[in-house]
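S.K.: Chain by chain, the residues:
2 protein chains.
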Amino acid sequence: MARNAFYAQSGGVTAVINASAAGVIETARKHKKHIGKVYAGRNGILGALTEDLIDTSRESAANIRALMSTPGGAFGSARYKLKGVEKGGHEYERLIEVFRAHDIGYFFYNGGNDSADTCLKVSRISETLGYPIVAVHVPKTVDNDLPITDTCPGFGSVAKYVATSMMEAVLDVESMARTSTKVFILEVMGRHAGWITAATGLASRRAGEGPHILLFPEVPWNEEAFLARVDETVKKYGYCAIGASEGLQDASGRFLSESGSKDAFGHAQLGGVAPMLANLVQSKLRLKQHWAVADYLQRAARHIASKADLDQSYAVGKAAVELAVKGMNSVMPTIVRTSSRPYRWKIGVAKLSDVANVEKKMPRDFITPDGFHITQKCRNYLQPLIAGEAFPPFEGGLPKYVRLKNVPVRKKTGEYRP
Amino acid sequence: MARNAFYAQSGGVTAVINASAAGVIETARKHKKHIGKVYAGRNGILGALTEDLIDTSRESAANIRALMSTPGGAFGSARYKLKGVEKGGHEYERLIEVFRAHDIGYFFYNGGNDSADTCLKVSRISETLGYPIVAVHVPKTVDNDLPITDTCPGFGSVAKYVATSMMEAVLDVESMARTSTKVFILEVMGRHAGWITAATGLASRRAGEGPHILLFPEVPWNEEAFLARVDETVKKYGYCAIGASEGLQDASGRFLSESGSKDAFGHAQLGGVAPMLANLVQSKLRLKQHWAVADYLQRAARHIASKADLDQSYAVGKAAVELAVKGMNSVMPTIVRTSSRPYRWKIGVAKLSDVANVEKKMPRDFITPDGFHITQKCRNYLQPLIAGEAFPPFEGGLPKYVRLKNVPVRKKTGEYRP
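So the sequence lines, in the order shown, correspond to chains D and Y.
Under the working numbering, read the first sequence as residues -10 to 407, first letter to last.
Under the working numbering, read the second sequence as residues -10 to 407, first letter to last.
FYI, nobody ran anything at the bench for these hints, they're computed from the structure.
Any given hint might turn out to be false.
[To be verified] Under the rule of at most 27 Å between Cα atoms (straight-line distance), these lysine-lysine pairs were calculated in the DSS-like manner:
id	chain 1	residue 1	chain 2	residue 2
1	D	K389	Y	K225
2	D	K225	Y	K224
3	D	K70	D	K110
4	Y	K296	D	K296
5	Y	K366	Y	K389
6	Y	K400	Y	K22
7	Y	K21	D	K70
8	Y	K401	Y	K22
9	D	K224	Y	K400
10	D	K389	Y	K366
11	Y	K72	Y	K400
12	D	K394	Y	K224
13	Y	K110	Y	K70
[Stated by the list, open to error] Partner residues aside, some chain D positions facing chain Y, computed with beta carbon under 8 Å:
id	residue
14	A50
15	A51
16	G73
17	D161
18	Y390
A virtual CB, placed ideally from N, CA and C, is assigned to each residue, including glycine.
Chain D extracted, bound-state conformation (with noise of 0.2 Å):
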């Protein structure tokens, strides 16, 4: 017999986390025998928790697959950590009434390191809570830090981003060194693993082309290091570009700048590192610099997505359905690369016990070692991840976006505040 299942997005969105929806609701609409309707959480787990529905069978084939180029979350995503009984809430005990009252057996959790956590929980519902569910977490993360999947959809995109945005302003900076500025500086997202870092490196593939500097959250900062090397890239070539994490911090942990405020997970919330290492460079060398914080901008970006990340993108979401009517509970799709001269990949299949709260950084090769660049070894892994366009449609000189009708299901339980 079908039972429903339950979709959210969790966490930060990305281009493509939608092309992710796109493949669990396109997919599910293959498996009727299994699954009936794909309800989606209005801000990802808060919608179960308040029973705030969306039916998407309400939504027509051609909006589902508009999604495919619609960046952030279309049903609303959440920053947002169950509360377990051992903390004294009640959270599980009101998913399973709500999941109960709609007769949810499919539990699709899209996000990163802290929602496999909880997919993982939800996974053990049936032992711990004695409720008939199957849980697979469909990954998604910009920070490209889950482990065992070879990448992680949205990363590619975010990647393809920031080396290009990186390649474009070094052809700016370079034409205007001589008399304007010398010294400019991109900050880019990664709490504490330096991917995206990495990624603007790709911008630079011959020998004097920017960024020359790259500063990962891997690599402990260090001031004099930093400085010396910037004096020495704009003597040698008339010009430094800079690629550095949001995520920056010295040999004791410190973030470079913390704005002081938390965010749901007690992770500091961070942001300006750029201004930071300008005015140091202004300052110290005494040289014009200028400065850009990407910010949203570049998880955002489905204009210049990957397609390759488009494509695993919806992959994961259509193997998450795949493997959940299989009756696999508990385990997370991943990308398994085959080759990467030619780029193939197929998809597999981890455990999220696996996966739950594990930290992939850049391993110690991926990164030179003076600490400042990456390695060929690191081009060979990035460069296939951000292979491919895939523009979304245009109307008016902006790009076409959908907004879905997120029409709600009626409720059946009383209220609940979280």
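Following the hints, position chain Y against chain D.
M.R.: For chain Y alone, coordinates are given in the frame of chain D:
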């Protein structure tokens, strides 16, 4: 008898300034009766002063064509204001020395406001210093602040980039706002004119859709009104997206964010309005915020250039040569809008004396009465300028941008230090 031409890029480069270079060079190649070789100045006008000329005839037709899809300044640009005799300098005399040595009879100067003034002065050399030359200004500035012309080549592409980026960031913030960032600020360029800020407003096409607030340099900064509007917007729509000009200033004309350093023209170097606003929002309203500073990314983003802008950039380069071979001195080709719907334009001609040092700000009726958004009249103006896509070719996941050989012309005069 054919004489040679000098072409230089001046001031901040754009995503499409090289398309103007292509227009000049390709058109000159078709007028061999009048124009011999086109020599480009390496690093703009400095290339003329130091006799560092580039022989563009050494570049293949394919490479010149590839300039159409390459951002930055292919020959190098410069922020450099020529010193006239009145300032004790002899730079105009030096120009004549170099022009004479290389039989240069045409001067094409590709720049904005300050450059128009330089070009005007060069155009008067025949009168003032007795050297026969025809000088034509090729308009270019992302600031869109040149008078007479309907728009400035370079602006449409920045407009398309910032509108697209804002639209994408809005989808991101909107989907996360319930549990995360409530206020997002995108800082864009525009020292004194709010044209680029206005363009971010194109992303908002229905009630409640961000950006909700635009901060123009034309509207004096009012902290209280700003905070009240942010608060109101978050309460009403759950989030607030803001497009802010780097040139935001108070009623006395003081920039909110002066970094203290000045450029070669004596203008204050700006940057950092977004983090300042974000801090204000955080401390006064206690709302979680994020901010982005697009900086050079916006004016180098050839990957999302406007087709209309690209076409116009080429057209002004072409027209400049056609005007010059007709002997029209001291002029600038302009864009004349003949219809908005459907969009139609043609090339016109302005006298340089009417252009130089005149700054076109946003008309007051392009800004809503409350000062926080653009009017329908402004949308009607902006809309056609971002129309059409002109993606560059891609290779290995990144745009394929050309690097010219830039072969130097043999020097004929003695050394000169500007």
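S.K.: Could you run down the list of hints and mark each one as holding or not?
M.R.: Right, here's what the structure says about each hint:
This hinted pair checks out: D:K389 and Y:K225 have alpha carbons roughly 25 Å apart, not beyond 27 Å. For a cut-off of 27 Å, the pair hint linking D:K225 to Y:K224 is broken: about 53 Å separates their Cα positions. Taking the CA atoms of D:K70 and D:K110, the gap is near 11 Å; set against the 27 Å cutoff, the hint holds. A C-alpha spacing of about 23 Å is found between Y:K296 and D:K296, which places the hinted pair at or below 27 Å, so the restraint holds.
A threshold of 27 Å between alpha carbons decides the hint, and for Y:K366 with Y:K389 the separation of about 37 Å lies outside it, so the pair is violated. Restraint check for Y:K400 and Y:K22: the C-alpha separation of about 25 Å stays at or below 27 Å, so the hint holds. The straight-line distance between the Cα atoms of Y:K21 and D:K70 is roughly 72 Å, outside the 27 Å bound, and the hint therefore fails. A distance of roughly 24 Å separates the Cα atoms of Y:K401 and Y:K22; the hinted pair therefore holds under the 27 Å criterion.
The straight-line distance between the Cα atoms of D:K224 and Y:K400 is roughly 25 Å, inside the 27 Å bound, and the hint therefore holds. In summary, the hint linking D:K389 to Y:K366 is supported, as the alpha carbons are separated by about 23 Å, within the 27 Å threshold. Distance hint between Y:K72 and Y:K400 is fulfilled; the C-alpha atoms sit about 23 Å from each other, no more than 27 Å. Using a Cα cut-off of 27 Å, the hinted pair D:K394 and Y:K224 holds, with the two alpha carbons roughly 22 Å apart.
A distance of roughly 11 Å separates the Cα atoms of Y:K110 and Y:K70; the hinted pair therefore holds under the 27 Å criterion. For D:A50, the shortest C-beta to C-beta distance to chain Y is roughly 21 Å, which exceeds 8 Å, and the interface hint is violated. Because the closest C-beta pair between D:A51 and chain Y is about 19 Å apart, greater than 8 Å, the hint is violated. The interface hint given for D:G73 is violated, since its Cβ lies 18 Å from the closest Cβ of chain Y, which is over the 8 Å cut-off.
With a cut of 8 Å, the hint placing D:D161 at the interface with chain Y holds, because the nearest CB-to-CB distance is about 4 Å. At about 6 Å, the closest approach between the beta carbon of D:Y390 and any beta carbon in chain Y falls short of 8 Å, and the interface hint on this residue holds.
Of the numbered hints listed earlier, those contradicted by the structure are 2, 5, 7, 14, 15 and 16.
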